[in-house]
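Chains as they are written, first to last, in the numbering used here: chain A, 828 to 1302; chain B, 3 to 251; chain C, 103 to 480.
There may be inaccurate statements among the hints.
Simulated pairs of lysine-lysine, DSSO-like, Cα-Cα distance not exceeding 27 Å [unchecked claim]:
| hint | chain 1 | residue 1 | chain 2 | residue 2 |
| --- | --- | --- | --- | --- |
| 1 | B | Lys50 | B | Lys121 |
| 2 | A | Lys962 | A | Lys1126 |
| 3 | C | Lys184 | C | Lys169 |
| 4 | A | Lys905 | C | Lys296 |
| 5 | B | Lys123 | B | Lys225 |
| 6 | B | Lys121 | C | Lys184 |
| 7 | C | Lys184 | C | Lys172 |
| 8 | C | Lys128 | C | Lys296 |
| 9 | B | Lys50 | C | Lys172 |
| 10 | A | Lys901 | C | Lys172 |
No lab work stands behind these hints: they were computed from the structure.
Residue-level listing of the chains:
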Amino acid sequence: MSLELAARKLGLGFRPSKGTDVTSAAWIESQLTETFQDPGVARYGEAVGTWPDDLVYSLDERVTRFRDRRAAVKKLDKARVDNATRSRRMNDIWSEYTVFKQDLHHFAARGAYGDDQIRQRLMFFWANHFTVGRKGDENIEFLGHYLDVAIYGALDGSFADMLYGATTHPAMLSYLDNNVNVGERSKYAARCRRTGCQAGSNDNLARELMELHTVSPARGYTEDDIRGAADILTGWGYPYADGLPFEPKDFWTAFFSSRAEPGTKTVLGVEYPAGDKALRMLTDTLAADPFTPRFLSRKLAAHFIGDAATDDDIEAIHEAWVGSDGDLPTVHRVVLDRALAAPPGKFLWPMVWLFQALRVSGAHLFYGYEEIDALHETVQRHPDMIFEELGFDFWAERQPNGYSDRNEDWISTEHMDRRVRFAALIHRFCNPERSVDEIMDVLDFDAASRALVNRGANERERFVLCLCSRTFMEV
Amino acid sequence: MRLLVVSLVVVIAWFAPDQARADVRCVQAFLAETAFDPGPVDGLWGRKTGDALTSAFAQLDREVEGGIGRNNTDAVCALFSGPEGSEIADLLALRIYPISLDIDGDDLLADPTAFDFSKVKVAEDANFGFCSFTIKRYLFSEDVTDDIATGTLSIDNGWVSVTTARWRTGGFAQPEQLVEQTNLALTTDGKLVGRMIYYERFIPEGEVFEPPIYVTLPARHEKGPTYPAGETFFHANGWSEGSIRLFCR
Amino acid sequence: MDRRTFLKLSSASAVLAGFPVPGLTKTLPKGRIAVLFLEGGLDGLAAVPPIGDPMLSRMRRNLVASKPLKVNPFFALHPNLKVFAQLLGRNQAAVFHATNLPYTRRSHFEGQRIAQTGDPSGAETMTGWLGRAMDQAGIAGRALTLDTPLLIRGTTDIDSFYPASLLGSQDPDGALLALIAEGHDGLTARTFAKLHEKAMASESLPRVRDPEGLALATGRAMRDPEGPRVTMIRIPEFDTHANQGTDIGLHPELIGLIDRVIARFREGLGPVWNETVLLTLTEFGRTVRENGSAGTDHGYGSAGLLAGGLISRAGVITNWPGLAEADLWEGRDLLSTLDYRSVCAACIEAALGLDHDVIADQVFFAPKLRRVTPYIFG
């Protein structure tokens, strides 16, 4: 298979003059082992450079900004000003303190220009497996960090490491309500019973940890097991509304024994001690449980190979996992090899389709990082609005089971309507470098598909026909 | 004191015929399964039992021959235990707390442009056959002013009628809405007072429509060079305010 | 928040369904039914506080609005329910309190699923109660929405529509869509073909997305005698674990939104309001006591708000369980003393003309479901 086609199957496609001479196998290997620079564009239409360091925010900084923003809003509320002034100042506060828009631009720039395309696809998979949705304004500032560090940054380690990192990340603890999961016999709960506040067990994260992230319901765990896991998770995370009682650098590892359930817990027949070490023990045990690779190998096959996945594919991935104790690079290599060899049949996720459309046609859609608050336009260039419109957005509020991997769930009239609109918009406003003929050459369109595209009345129609063809939308 | 009450109760209970007690118990047992709590099911008629029965029958909206007092519990018990019993139980499973509302304020179900002009000094001798108007929008967050709509209107004895109009917003906005949904009058000091329809946002190509809002005039007023020209401002929302600028020949 | 954030409103959505099916629908139901799905768990005690219950102020020191609208000695409405209050005054609204579906496990995911399937047994029901009701009434025609929500999935295949709001985009051309369809097969081809049909049809579908706009548009669409009989509007974000608010704040704002949605819906329906009933639906209520974060957690019993011209008697209807510690569910939640499916069943009966026994058995799989229709419908 040519490199261009491999890049579409496993990555995000090559921009014109970005392909290389290596073989597909060598390219895949370099994608998994090299390090890459994050791309960035200052303003729309300018050359691609690197993403500025000062727009990459550590967890410390995000926590500090979060805290300072809340304080500023509180101060504004106290200073009784008229509507107009209040609106202006709120605007300023949000621009000054929040960073999620920068995160989105960073993400979009990487998708549109980054060389690390296979890693990005892997990140999409794992970020969807460990779905963390937006929870109001409580965790929106931490989502970018979650994607970058907890998921992307864990691609070279073991599944057990990624699992623990995702489970304890502040974005996740907020999303699945672990911030309000308090031990019924904890000191905090006892105090609440005296003073009348509400504090108790919340098993949302524990439930999804077992149901969606690791062993799946096939394991046959009981409500008692979930309860045990919920108790182990007590003490991790702290509700933001109560103020942040710890230093930013503690945020990811913050454990509050006063909120934790005392005593030992039992989950799936295994006993866990009290204290903060129990959670790592639990996640390691779940990661090592045979049901986990059984579940995950199916998911990986469904995601990268789609309907054409065979039992052999799943078995190969499963073997690789079990043989390497869940070493992600080992597993990924097998997944990618099997995907490369499989016939087409995977209907691309909307976001992957969009990035591929931009890259293969050599078009430019998004604003640059100096235009994060730009207002007047005739076409939508803000990544947050674009992803929302696409119906596929890692910053969206959504259910913990994440975006579907079944083709039919993406083939609705509305999703197809969006693709046609986006394709036309890209041709009209995004200056694609390649002509339709060039795109069809590079992607090896067969004669019948070409003929259909050429029935378009003008270049724009041909462009839309090309990007909405079966050849382009399925890999 | 408690001993006295207890002995009193014992005495009364001892004197009450067994059948009457059984009837009261029967009534109480029936009500206990409904939304009308009769208190303890002990065969003793108390205020709770009486209240429950009164409310229950108020909801059923029917009468029992002989009434629903403590002396007629046998008839009530017969009703509850008879063929209509289960139907009555169904009708009493939930309690209807009827509405006795006293709501002040504007009738929100009426016309959204309804306005009370009784305290307004309408300029009854103001007659202008041809005036032009512009509805403008001022954003708070930046120094941007937009024209939302333009048109012409006439003022007859102080009352405003829009004759022609054109919205610049797109979306749901239609010219006849300004003609039909403007309820304004001119005051003696040149202000426009009343309520009207208003669209807060422009709907550019490709975006979805949004419903209108209804605004009350005036929030403040700036006089123009001649009467009645000037600009009347109104509150729109948290991020902008609007105005209607008038010029009459 | 800058202006653009106002444009990006929460992901409310609406469905229009229950179109008559040519050749299949024998008798067209006279009424209309609308479900307002409040995702996240509506706090019934905040929307309709039981001011006559002596325990209220003790349990909810900081969560009761300061000037509720008194509707009778025992109950009041949150001050943001102004239009609803006026409808109550005109016998065009009602409240069922201390009610919910028989689901007590307090999970959004599961709870929303059960609220839509109407089947608390936990079975993998793939259809929704409203969809099954439409099947029974013979009006399971196409629907307009984004991804077809579970609530209206019946046994027949339904369509989807959710208007794009993409600055700079244009409506796709009908002929082009037909051409694209030629290059696909199976589901994809059929989907593009449907898009082509829609583009060529003279029907102008409402292009709105905010809850009020959706209410206005769906109301208008339901005026058509050959149009949809069923609508569902989904409003997310009721899950207020923290900083819930009393007079102002997130939950009160959302309660106000319910009020405005009802008002717009009535505006859109015009005279057809007399043939309509609207009801709220939520997966659970919230805890009676506030939690440590000035909010409430997932609970059990909640309140259901009903409005529409089909209602003949207004009132707050409940078997009030009380707010004392001993009366609470698991010591924390308002008890539910009425299976809310009875309320849904009553609305289906009134709007779609189905028999209660048929509804109980075929729509809710609960033959013994209590009938509450006489309480509010004539």
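Hint-by-hint comparison with the structure:
1. Annotation: proposed proximity of Lys50 of chain B to Lys121 of chain B is violated, straight-line Cα distance about 52 Å (limit 27 Å).
2. A distance of roughly 26 Å separates the Cα atoms of Lys962 of chain A and Lys1126 of chain A; the hinted pair therefore holds under the 27 Å criterion.
3. Between the alpha carbons of Lys184 of chain C and Lys169 of chain C the distance comes to roughly 12 Å, so the proposed pair stays at or under 27 Å and holds.
4. Simply put, Lys905 of chain A and Lys296 of chain C have alpha-carbon atoms about 55 Å apart, too far for the 27 Å limit, and the pair is violated.
5. Of the pairs offered as hints, the one joining Lys123 of chain B and Lys225 of chain B holds, with about 17 Å between alpha carbons and a cut-off of 27 Å not exceeded.
6. Pair hint Lys121 of chain B plus Lys184 of chain C holds up; C-alpha atoms about 24 Å apart against a cutoff of 27 Å.
7. As the CA atoms of Lys184 of chain C and Lys172 of chain C are separated by approximately 11 Å, the hinted pair is consistent with the 27 Å bound.
8. For the given pair, Lys128 of chain C sits about 26 Å from Lys296 of chain C by alpha-carbon distance, which is consistent with the 27 Å threshold.
9. At roughly 25 Å between alpha-carbon atoms, Lys50 of chain B and Lys172 of chain C fall within 27 Å of each other, so this suggested pair holds.
10. Simply put, Lys901 of chain A and Lys172 of chain C have alpha-carbon atoms about 32 Å apart, too far for the 27 Å limit, and the pair is violated.
In summary, the numbered hints that this structure violates are 1, 4, 10.
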